[in-house]
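For reference, the chains in residue letters:
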Amino acid sequence: MSYQTTTKDHAALAEAFIKDEERVDWHDGALWYIREKRDIASKGIPEWEELREAASQIKSNVISNLHDYLLQFEANLKKNGIVVHWADTPQEHNEIVYAILKAKEINQMVKSKSMLTEECGLNEYLEERGIGVINSDLGEYIQQIDNEPPSHIVLPCIHKRKEEIGELFHEHLGTEKGLSDPTKLTRVARKPLRNVFMPRRAALTGVNFAVAETGEYVVCTNEGNADMGAHLSEVQIASMGLEKIIPQKKHLGIFLRLLARSATGQPITIYSSHFKKPREGQEMHLILVNAGRTRQLGRPDFQNSLKCIKCGACMNTCPVYRKSGGLSYHNTISGPIGAILAPNLDMKRHADLPFASTLCGSCSNVCPVKINIHDQLYKWRQEIVKEGHASSTKVFGMKAMAWTLSSSDKLDKAGRAGRWFMQNVPFVVNNKLNPWYKQRDMPEGPKETFTEWYLRTNGD
Amino acid sequence: MTTREKILGEVLQNQPASLPLPDISRFQGNEPDVVQKYKTVFESIGGKVFLVDDFSTMKCLLRQHYDTSKRIATTLPELGFELISPDVDPHTYEDVELAIIRAHFAVAENGAVWLSDEVMGQRIIPYICQHLAVVVRAETIVPTLHEAYEIIGEGTYGFGGFIGGPSKTADIEQALVLGAHGPLSMAVFVMK
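If you read the protein sequences in the order shown, they are chains S and C. The numbering of the first sequence is numbering that gives the first Met the number 0, which starts it at 0 and goes up by one. The numbering of the second sequence is numbering that gives the first Met the number 0, which starts it at 0 and goes up by one.
Derived by calculation from the structure, the hints in this document are not laboratory data. Check before you lean on any hint, since a few could be wrong.
[Said to hold, decoys possible] Have a look at the derived ranges for each label pair, beta carbon to beta carbon:
no.	chain 1	residue 1	chain 2	residue 2	range
1	C	S84	S	L172	56 to 62 Å
2	C	S84	S	D38	46 to 52 Å
3	C	S84	S	P198	20 to 26 Å
4	S	Q422	C	P15	36 to 42 Å
5	S	P198	C	S43	34 to 40 Å
6	S	I44	C	P19	23 to 29 Å
7	C	E117	S	E162	52 to 58 Å
[As the list claims (entries may be wrong)] Covered stretches of chain S (in silico footprint by chain C; criterion: 3 or more residues with CB under 8 Å from a CB of chain C, positions within the stretch not fixed):
no.	segment
8	52–65
9	82–94
10	108–118
11	188–194
12	230–244
13	275–286
14	292–299
We treat Cβ as the ideally placed atom computed from N, Cα and C, and that holds for glycine.
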């Protein structure tokens, strides 16, 4: 269930998604509803824009002093009795988790939501070695039993209809056929999922914020699944990307005010858990993961993407995301933020993603830490073309356009030719060979150009 | 070179010139009636607020609203229920119907209460119970999270958390359902 297997690009994957028009409209509406809830929540805070600015500045300070903050965080974690590990690659991360579990002879683990471990392919790695992993977040659990990756970082199965979930539960949990009421479905999943926590000796969580000053980390959930796993476990593991650091505890006031309001329009997630020291008799491990983050840090145009607090607001507002679905992005982090993070991981494989945008800028406007997402999308396009990773039709199209626009004479001639074709032989452009014609009609060619019209009506 | 040295070396080499931290002392709430605000916000999340004068009124309300024939566990000796032991296996609390514990304070803007493991009895208690009831003193309610973190400071706890309502999910078609893995309901008794 990783993305590594697909070879189709965003446009091809989106084409499959948009075949079902009713579903696309529903998906579009569901995400826009969350965007509207975010707007209502943010407008309830008069100092909202100041909070965004402060959050952005705190993250700028983090990015520019990350070395010292990492050292401070590590020293404080150790003081608190937490074992610290460093992983440079996803592979190294997975090996560390495996070694921790192996040392304790543990062969079953429960995991709360963690996009980082999805990115690392941890579940598959452990399963190949005989260790079962269950994703305890309801949305992630649904995606796991359907053998699909999450389509949204906050709402992992937002693209699924309740009837499809009912069918999955019927197959995997033995519920009655045809059950599709969300409350009933959640209730039937409650019992088996609560039973998952009981026998599991190891629990892994992600990290939302890591406080350098105190050596504690904060995990935010609505279901309480991170806490159920962690507080019953004998071995607790937290995996975090290097960029999750914040300098001081009081900064949590800023970030926790922004996070849930931006994500779902809630005033705060139901559970904001601050883990500082292991419980008596418990082992606690924290893995600091690089996986390309130091490389992104070294790219001046793109380093601000490391400010991301993973709220998903840019996805909910994006017209392309809403109409193409998260799975079309073939990357764990989808949507606009995914499209600026993914090319850093593998520019060739993700060369299509920065083009999956209208550059409307809505993502940058809702981002709680003010990442200039649409500027970075634009800059990645240039980078990708320069490195020779753009598709040949795109390169040809751009070159043809640059040539046409290079002089008014050429533009005039091209315009005349285009109008003649559209007026006299429209079938030459209105056919399947023209990608523009897909889902669109070509316009009727106007009788005259603006210049001709201007000269005729106002000229001397 | 170890992985740690490699990563730290790359960070040092690639991080941009240092930028300062902003002054965030200007952020503070100015809510005139924090108790009323707290009640409104918490009930909008799906919680229930009871304003009570003392433990005897609270006991009456508990009997009215909960099935007291089931297992009830608490850290508050005033209530006369089973006392939570910090020394037993946390798994043994799986069948607790109602847990009643004290919170340090509450936050008006988001309905959350702050609890550290010092008042939970056991870390698992507020998450594993079917229903959660929390006692908080009215005078401890603060307007925003900024005041909250001023009070928490560094803290002496091993674990602490904000809890802002019953466990919830909207993972199935955005329909809000209370009671995902954790408590199906949460009540806060605000004591004058």
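Outcome of the hint check:
no. : hint                         : in the structure
1   : C/S84 to S/L172: 56 to 62 Å  : violated (34 Å)
2   : C/S84 to S/D38: 46 to 52 Å   : holds (47 Å)
3   : C/S84 to S/P198: 20 to 26 Å  : holds (22 Å)
4   : S/Q422 to C/P15: 36 to 42 Å  : violated (55 Å)
5   : S/P198 to C/S43: 34 to 40 Å  : holds (37 Å)
6   : S/I44 to C/P19: 23 to 29 Å   : holds (24 Å)
7   : C/E117 to S/E162: 52 to 58 Å : violated (47 Å)
8   : 52–65                        : holds (count 10)
9   : 82–94                        : holds (count 4)
10  : 108–118                      : violated (count 0)
11  : 188–194                      : holds (count 3)
12  : 230–244                      : holds (count 3)
13  : 275–286                      : holds (count 4)
14  : 292–299                      : holds (count 5)
Violated hints, listed in ascending order, are 1, 4, 7 and 10; each of the other numbered hints is respected by the structure.
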